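Colleague: As a plain string of letters, each chain reads:
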Amino acid sequence: GEDVEQSLFLSVREGDSSVINCTYTDSSSTYLYWYKQEPGAGLQLLTYIFSNMDMKQDQRLTVLLNKKDKHLSLRIADTQTGDSAIYFCAESNNNAGNMLTFGGGTRLMVKP
Amino acid sequence: DVKVTQSSRYLVKRTGEKVFLECVQDMDHENMFWYRQDPGLGLRLIYFSYDVKMKEKGDIPEGYSVSREKKERFSLILESASTNQTSMYLCASSFGLARSFDEQFFGPGTRLTVL
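Chains A and B, in that order, give the protein sequences. Heads up, the first sequence is in the working numbering, so the first residue is 1 and it goes up one at a time. Heads up, the second sequence is in the working numbering, so the first residue is 1 and it goes up one at a time.
Rather than coming from a laboratory, the hints here were simulated on the basis of the structure. All figures in this text were calculated on a predicted structure; none of them were measured in a lab. Note that beta-carbon positions come from the ideal geometry of N, C-alpha and C, so glycine has one too. Just to be clear, a hint being listed does not mean it is correct.
[Stated by the list, open to error] Think about it this way: if two alpha-carbon atoms lie no more than 27 Å apart in a straight line, the pair counts; the simulated DSS-like pairs of lysine-lysine are:
{"#": "1", "chain 1": "A", "residue 1": "Lys36", "chain 2": "B", "residue 2": "Lys18"}
{"#": "2", "chain 1": "B", "residue 1": "Lys57", "chain 2": "A", "residue 2": "Lys36"}
{"#": "3", "chain 1": "B", "residue 1": "Lys57", "chain 2": "B", "residue 2": "Lys70"}
{"#": "4", "chain 1": "B", "residue 1": "Lys57", "chain 2": "B", "residue 2": "Lys18"}
[Stated by the list, open to error] Not close to chain B: a few residues of chain A, all C-beta gaps over 10 Å, as computed:
{"#": "5", "residue": "Leu10"}
{"#": "6", "residue": "Gly15"}
{"#": "7", "residue": "Asp54"}
{"#": "8", "residue": "Lys68"}
{"#": "9", "residue": "Gly82"}
Let the hints inform the model, and build the full structure from the sequences given.
Modeller: The following block contains the structure:
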């Protein structure tokens, strides 16, 4: 099956930028997603990008997609302690029933 | 606001017990999903349902079954719980109906411990 990989852990200082990276194997991905999971909670969709785009910006969040290298990144500007969470990358494929394939999650720790 | 609720936040069961995890959504969604979440492995799909009484196996269905008798409710059943089923279980729902972009909305999760 298709695979999505992320690093397990990232630590940054408050006010710095965070960059969380993700690689995937499905060359026919339709959408790519970033979900956020705060402690003790379920997942919440943070942002998503259509596969024919290479960048999407939403306030402090910037998503970059390199389709050739199958690489997705999420940049959080001016990272705050409230951004501490686990971030999951996921992809879906319209030809495969739109099921989501998730990465293992990156735990972001923001130090004051 | 879409709301997906799960019957328990924490559950402790013994090996061999039958376990029911319940999930309810209030947005008339067609699709419902059960995942398990384990550290470093992300979310893995156990089963999903695209309509009442319809179910499809996900990536790791062994040891689990599901029931969807009503549109808003999707139950996950562990017929005989084992220690390797200790995990966080997440339910999700989505509009479905062949939408190109179909956001999944998640419940808060049930942390199950099997002793």
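Colleague: Could you work out which earlier hints the structure fails to respect and list their numbers in ascending sequence?
Modeller: 1
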